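*Asks:* Letter by letter, the chains look like this.
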Amino acid sequence: MPSNTFLPPHLAALDLGEQLDIGPRELRAARPPWLNPRHPAADRALRYGRGRGDLPYEEILERTQAALPGPQAAAVQTRASARFQRERDEVHRRNADLDQLIGQIETLRHRPLELPLTTGMAYRIVGGEDQIDFYSRRDDGGEDAWSFSLAHPPGIVLRHTFDASPALIATQGYRIDFPGVFWLPLPVVIERGEFPRFQHTRDALVQATQSGRFYLFLSHRWLATGEPDPDRVQARFFAWQLVAFVCEAVEVAADRGLYEPRRASADLNRPVGRFGSELAESLVINLLRPNLDEHHLASAMLEIRALGDCLEDGGSAAADGDTGLGLLRARLDSMPIVGGLLDRTFLWYDYSCLPQSPRSGEDETVFRQGLAHLNHVQVMGATAILLDEVEDYLGRAWCVLETVTAEDVASIGGGSEPFLLAGSRRSTNRSGKAEHYNISLLRDCRHLVWRALLDTELFGCQSPERCMERLGLSVTDPGDLPFVYQALSRLRAPDAPTDDYEVVTGVFPLPLGADGNSARWRTQTMRRVAGTPDPAAVLTLDWRGALHLHSALDAGERDGRRQMVPAIRTLVDDQFSAEAYHGIHVAVVGSCEGEAALLASWTHTHRAEIEEALRLQVVSISWLASDIAPVGWIPVGFLQPCVVSTPKWVVIAAESRLRHCEVAGHLIEMMRSLGRPYGELAIDREADNLRWYDERQPQEQDDGLATYPIAEGLFRQHRGGLFRGALVDYLLPAGRRIPS
Amino acid sequence: MNPEELRGIAERIREADRLFVEDARFDESLRAARQLLDEIGAVPSPPGGQWRAELLGLVGRSALQLGRTVEARDATTAALQIVHDMRDGSLSPLVEMFRENLLTALAALETPTPTDDASTPPSHRELRTRIVRAQTLTDRHRFARSIEILEPLLARLRPQAGDESTRSEPSGEPADPRLLYLPKILGLLGFNWFHCGERERSRALTEQAIAVCRSLGDRSGERVYGASLAWIDAQTARDPT
Numbered sequence: 212m213p214s215n216t217f218l219p220p221h222l223a224a225l226d227l228g229e230q231l232d233i234g235p236r237e238l239r240a241a242r243p244p245w246l247n248p249r250h251p252a253a254d255r256a257l258r259y260g261r262g263r264g265d266l267p268y269e270e271i272l273e274r275t276q277a278a279l280p281g282p283q284a285a286a287v288q289t290r291a292s293a294r295f296q297r298e299r300d301e302v303h304r305r306n307a308d309l310d311q312l313i314g315q316i317e318t319l320r321h322r323p324l325e326l327p328l329t330t331g332m333a334y335r336i337v338g339g340e341d342q343i344d345f346y347s348r349r350d351d352g353g354e355d356a357w358s359f360s361l362a363h364p365p366g367i368v369l370r371h372t373f374d375a376s377p378a379l380i381a382t383q384g385y386r387i388d389f390p391g392v393f394w395l396p397l398p399v400v401i402e403r404g405e406f407p408r409f410q411h412t413r414d415a416l417v418q419a420t421q422s423g424r425f426y427l428f429l430s431h432r433w434l435a436t437g438e439p440d441p442d443r444v445q446a447r448f449f450a451w452q453l454v455a456f457v458c459e460a461v462e463v464a465a466d467r468g469l470y471e472p473r474r475a476s477a478d479l480n481r482p483v484g485r486f487g488s489e490l491a492e493s494l495v496i497n498l499l500r501p502n503l504d505e506h507h508l509a510s511a512m513l514e515i516r517a518l519g520d521c522l523e524d525g526g527s528a529a530a531d532g533d534t535g536l537g538l539l540r541a542r543l544d545s546m547p548i549v550g551g552l553l554d555r556t557f558l559w560y561d562y563s564c565l566p567q568s569p570r571s572g573e574d575e576t577v578f579r580q581g582l583a584h585l586n587h588v589q590v591m592g593a594t595a596i597l598l599d600e601v602e603d604y605l606g607r608a609w610c611v612l613e614t615v616t617a618e619d620v621a622s623i624g625g626g627s628e629p630f631l632l633a634g635s636r637r638s639t640n641r642s643g644k645a646e647h648y649n650i651s652l653l654r655d656c657r658h659l660v661w662r663a664l665l666d667t668e669l670f671g672c673q674s675p676e677r678c679m680e681r682l683g684l685s686v687t688d689p690g691d692l693p694f695v696y697q698a699l700s701r702l703r704a705p706d707a708p709t710d711d712y713e714v715v716t717g718v719f720p721l722p723l724g725a726d727g728n729s730a731r732w733r734t735q736t737m738r739r740v741a742g743t744p745d746p747a748a749v750l751t752l753d754w755r756g757a758l759h760l761h762s763a764l765d766a767g768e769r770d771g772r773r774q775m776v777p778a779i780r781t782l783v784d785d786q787f788s789a790e791a792y793h794g795i796h797v798a799v800v801g802s803c804e805g806e807a808a809l810l811a812s813w814t815h816t817h818r819a820e821i822e823e824a825l826r827l828q829v830v831s832i833s834w835l836a837s838d839i840a841p842v843g844w845i846p847v848g849f850l851q852p853c854v855v856s857t858p859k860w861v862v863i864a865a866e867s868r869l870r871h872c873e874v875a876g877h878l879i880e881m882m883r884s885l886g887r888p889y890g891e892l893a894i895d896r897e898a899d900n901l902r903w904y905d906e907r908q909p910q911e912q913d914d915g916l917a918t919y920p921i922a923e924g925l926f927r928q929h930r931g932g933l934f935r936g937a938l939v940d941y942l943l944p945a946g947r948r949i950p951s
Numbered sequence: 010m011n012p013e014e015l016r017g018i019a020e021r022i023r024e025a026d027r028l029f030v031e032d033a034r035f036d037e038s039l040r041a042a043r044q045l046l047d048e049i050g051a052v053p054s055p056p057g058g059q060w061r062a063e064l065l066g067l068v069g070r071s072a073l074q075l076g077r078t079v080e081a082r083d084a085t086t087a088a089l090q091i092v093h094d095m096r097d098g099s100l101s102p103l104v105e106m107f108r109e110n111l112l113t114a115l116a117a118l119e120t121p122t123p124t125d126d127a128s129t130p131p132s133h134r135e136l137r138t139r140i141v142r143a144q145t146l147t148d149r150h151r152f153a154r155s156i157e158i159l160e161p162l163l164a165r166l167r168p169q170a171g172d173e174s175t176r177s178e179p180s181g182e183p184a185d186p187r188l189l190y191l192p193k194i195l196g197l198l199g200f201n202w203f204h205c206g207e208r209e210r211s212r213a214l215t216e217q218a219i220a221v222c223r224s225l226g227d228r229s230g231e232r233v234y235g236a237s238l239a240w241i242d243a244q245t246a247r248d249p250t
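Taken in order, these protein sequences are the chains called A and B.
In terms of this note's numbering, the first sequence opens at residue 212 and continues consecutively.
In terms of this note's numbering, the second sequence opens at residue 10 and continues consecutively.
Check each hint, because a few of them may be wrong.
[Claimed, not checked] Some chain A residues near chain B, calculated using beta-carbon distances under 7 Å:
(1) R299
(2) Q311
(3) Q315
(4) P323
(5) T330
(6) M332
(7) I336
(8) R485
For the record, the hints were derived by calculation from the structure and aren't laboratory data.
These numbers were taken from a predicted model, which means no experiment stands behind them.
For every residue, glycine included, the Cβ atom is placed at its ideal position computed from N, Cα and C.
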C-alpha cells in the first residue's frame with residue numbers, strides 16, 4: 212500500500228525526483244532549480260513537505276518551511292526550529308560574565324524623548340521585546356535608528372491607546388466548588404520547600420474558592436516516574452518566581468496607581484507606558500486590588516525595597532541555590548504585607564491536588580472526579596507553565612493538553628495566555644525571562660494539533676491513535692490517551708498568524724464588473740486604515756459553534772464527514788438570474804482547507820440564520836484557505852479564481868483575519884473600492900459581530916482596482932495554490948488587464 | 010586585483026559576516042576574517058581601507074564572543090584607527106559599532122568586582138551597571154531614583170573630561186574611553202528631568218549631551234539628543250509654564 216501524502220492526486224503525482232530525499236536543512240544548500248524565489252505557486256513546497264509519505268506533522272512543517280522561496284516573517288515554530296535557535300543562543304551565552312556585558316549594549320544606546328519634528332517623514336518600524344525601533348531613510352540611502360522603550364514610546368504610538376487590563380479570573384465572580392478539585396495554599400510549598408504529595412497534605416488543601424484570592428493551575432513535566440520533582444527544583448523555582456511576580460505587581464501598582472489600568476497602543480497592539488509582565492498585571496487586578504489600599508501598597512513597597520536587587524532576574528539565581536527554601540522564608544519573615552498576599556495564593560499542582568497511586572477506593576473516586584474537572588480547573592484560574600526542557604514537555608500529551616487548553620481559555624476572553632515560568636536555570640534564561648523561541652513553540656503547537664484533529668474528525672483519514680502518534684504525543688499510561696484525545700478534540704480553532712508565505716487555496720471570488728463582461732481585481736495589497744466606513748447595521752449572529760469540531764460536526768455534519776466540501780457551492784439554478792442578483796454571496800476564509808471547509812459547511816447548514824438577519828437570500832458559498840502551516844490533509848490543493856455575479860457579499864472569518872489577514876482584506880477592500888454593499892461576520896465573536904455596510908460612492912481609481920475582460924484563459928487554475936504575497940501579481944494574468 | 014576578484018572578496022566578506030550574524034559560528038567568522046585580512050593586504054583604498062576596518066571589526070566582535078578579550082580589544086582599536094584615518098563621515102555607523110565592542114571588551118578585561126569608592130573614577134563595569142540600572146528605573150517611570158544613580162556617576166566621571174575637548178588626536182578616540190559613556194549619562198539625565206517637569210534643567214543637560222557627542226564624533230548621539238532638544242523646545246513653546 213503506498214504511503215499517504217495527504218495531498219490530492221495532482222500534487223501527490225508531482226515528481227521532484229531524488230530531491231525529495233534531501234533533508235530540510237540541506238535543501239537550501241542543494242538549491243534545486245524548483246526552489247525558485249520568483250515562483251509564486253506553492254505546489255512544490257507542498258509536495259516536498261510530504262516527502263515519501265506518512266510523516267509526522269512537525270516534520271511536514273519543517274520540510275515545507277525549508278521549501279518556501281524565502282523565510283517566513285511569522286513562521287510557526289517547530290521543535291526542530293526551536294532547537295536550532297536554542298543552539299545558536301547557547302553559543303552566545305557560554306560565558307555568563309561576558310553574556311551580561313554584551314547584553315548591556317542595547318540598553319546603553321541613546322534614546323530620544325521624541326521622534327524628529329520633521330513633517331512627512333516615513334519610518335520603518337521594528338518591534339522588540341521591550342523596545343521599538345523606528346528607522347528613517349537618510350539622503351545617502353542609509354537608515355537612522357530611533358530607539359524607544361515601550362515605557363516611553365513616541366507620540367504617534369500613543370495617539371490611540373486602550374485599556375488593556377488583563378481578565379479577572381473566574382473565581383473573582385463565582386464561588387466554585389467541584390468534587391475532586393482541591394487547591395494547595397502557596398505557603399505550604401514555601402514552608403515545606405516542596406510540592407507535597409496529596410496524601411501527605413490533604414488537610415491543608417481547600418476546595419471552595421473565594422473572591423479576592425488568586426488561583427493558579429501549574430503545568431509541568433514529571434521529572435521522575437514516581438514523583439514529579441524529586442530534587443525539589445520545581446518547588447524552589449516556582450516559589451521564588453511567584454514571590455518575584457508579586458513584588459513586581461506591587462511595584463507596578465505603586466508606580467502607575469493601584470486602580471490605573473494598563474494601556475496598550477492600538478497601532479502596535481502592545482502595552483505601552485508603565486506596565487509589568489503578564490503575570491504581574493494579572494496579580495495587580497486579581498490579588499492586589501481586592502486586598503490592599505494605598506497605605507498598605509506604600510508599606511509593601513518599603514518591604515520590597517529592602518530586598519535589593521535579588522529579584523531582578525525573577526529570583527532565578529536565588530532559587531538556584533535555595534534548597535529547602537530556607538532563604539526565601541527568612542526574607543519573607545520581614546515582609547508581612549507581601550506575605551499576606553502570598554497567603555491568598557492557591558495552586559493546582561497534580562501531585563499535590565490529586566490522590567496519587569496507590570489509591571484507596573475512596574481516593575480513586577476523588578481522583579476520577581478531579582480528572583473529569585481538569586479542564587474546569589484551568590477555566591477557574593490562571594495557568595502557568597514551568598518550563599525546563601520544552602521539547603520534552605511538548606512530547607507529553609497531558610502537557611500539550613494543558614497548554615492548548617490555557618490558550619483556548621484565553622482566546623475566548625476567559626483569561627490570560629499561560630504564564631511562562633523558568634523551571635530551571637539555564638544559560639539562555641539568566642534574565643529570568645523565558646526564551647522567545649520557547650514561547651513561540653508553546654504558542655504554535657495548537658496550530659498543528661488543530662490540523663491533526665481536522666484530519667481525524669472532519670476528514671476521517673486516520674485514527675485518534677495515529678493522530679496522537681503523528682503529533683508526537685505520548686502518555687505514560689496508555690489508558691490516558693483516549694481521555695487526552697477527547698479533551699483536545701473539544702478545543703476551538705486557534706487564531707493563526709499571517710504571513711506572505713501562507714499558501715492560499717480554494718476558490719477566489721472576484722466581483723463582476725458593471726459591464727457584465729469583466730472581472731475586477733486589485734493591483735495593490737494595501738488595506739485601508741483611515742476613512743473606513745461605519746457599518747449601517749451591527750447585528751448578532753453567534754456562530755462560534757462552527758469553530759468547535761464537536762459542535763460543528765454534531766450539527767448535521769457527521770453524516771457528511773469524509774466527503775469533499777466543494778470550494779464553491781451555488782444554491783440557485785442560474786447564478787445570473789434576478790434571484791441571484793438580489794441575494795448574497797458568502798466568502799469564507801479559514802486557516803487551512805479543513806477549517807475553511809468546516810466553516811463553509813456550517814454556513815451552508817445554518818444559512819437560514821444569516822438570511823433572516825440580513826433579509827437576503829444566500830445564493831452561493833465559496834471558501835478560501837490561507838494556511839501558514841500546511842501540514843494537514845489538503846483535499847483541494849489548487850486556487851481557482853471565479854467571477855461572482857452577485858454584487859452583495861458577506862465575508863466570514865475570525866475577527867483577527869477580518870482585521871489583519873491580507874486574503875480576507877482583498878475581499879473586503881474590493882467591496883469597499885466598488886462601493887458595493889457587503890457584510891463581515893466575525894465568526895469567533897459572540898455578539899455584535901455581523902457588520903453590514905451600505906452601498907456608497909466607489910473609489911476604484913484611488914484603490915488600484917483593475918478591470919479584466921472575461922475571456923478564455925483568464926481564470927487559470929493555480930496548482931498547489933499561490934503564496935499570499937503573490938496573489939496580486941499572479942491570480943489573474945497581468946497582460947489581460949485593461950490599461951487605466 | 011581585477012574587478013572580478015574584488016567582487017569575489019566583497020562576497021566573501023559578506024559571507025564571513027553572515028557566519029557571525031546568522032549562524033553564530035564565531036570561530037569560523039574569526040578565521041575567515043583573519044584569512045581575508047591577509048589576502049587584501051595589497052588592495053588599495055578604496056575599497057581596501059573600509060574592508061580592512063570591517064574585517065578587523067569582525068575579528069573584534071568574534072573574539073569577544075569567544076572570550077578572547079585582548080584580541081577583541083586590539084582588533085577593534087585597530088579597526089577604529091583605520092576608520093578615523095579615512096575621515097569619511099559616512100562610516101560613522103562603523104565607528105559606533107566598533108566603540109560598543111571596544112567598551113565591552115574593556116569592561117570584560119576588568120576584574121568583575123566593582124568598587125564603591127566614590128573618590129575614584131568609576132570603572133567600565135561600574136559605569137555600565139549603573140547606567141543600565143538607571144535606564145531600567147527610567148523605564149519603570151522612577152525618574153527620581155534614576156537621577157539619584159546618574160548624578161553621582163556624572164560627578165565622578167566629569168573630572169576625566171577636563172575642560173578641554175574630550176576628543177584626542179590623532180587617534181580620533183578620547184584618551185580615556187570611559188568618556189564615551191558621558192553622552193548617555195547626560196542624555197538620560199535630561200530625559201529624566203524632562204519627565205519630572207524640569208524643562209530648563211532637561212534642556213541644559215541635553216545641550217551638554219549634544220556638545221559632548223559633537224566633541225567625541227558620536228553622530229548618532231548628536232542626532233538623537235538633537236531630536237530631544239527640539240521636542241523640549243517645542244513643548245516649552247506650547248506651554249511656557
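*Asks:* Given A:R485 as an interface hint, is the shortest Cβ-Cβ distance to chain B below 7 Å?
*Replies:* Constraint on A:R485 satisfied, holds at 5 Å.
*Asks:* Would the stated hint for A:Q315 survive a check requiring a Cβ distance to chain B of less than 7 Å?
*Replies:* holds (5 Å)
*Asks:* If you take the shortest Cβ to Cβ gap from A:I336 to chain B, is it below 7 Å?
*Replies:* violated (16 Å)
*Asks:* Mind checking the CB of A:T330 against every CB in chain B and telling me if the closest is under 7 Å?
*Replies:* violated (12 Å)
*Asks:* Could you check if A:Q311 really has its C-beta closer than 7 Å to a C-beta on chain B?
*Replies:* With a closest approach of 9 Å, the A:Q311 hint is violated.
*Asks:* Take the shortest C-beta to C-beta distance between A:P323 and chain B; is it under 7 Å?
*Replies:* holds (4 Å)
*Asks:* Was the hint right that A:R299 lines chain B, CB cutoff 7 Å?
*Replies:* holds (4 Å)
*Asks:* With a cut-off of 7 Å on the beta carbons, see whether A:M332 makes it to chain B.
*Replies:* This interface hint is violated because 11 Å lies over the 7 Å limit.
The structure fails to meet hints 2, 5, 6 and 7 from the earlier list, while all remaining hints are met.
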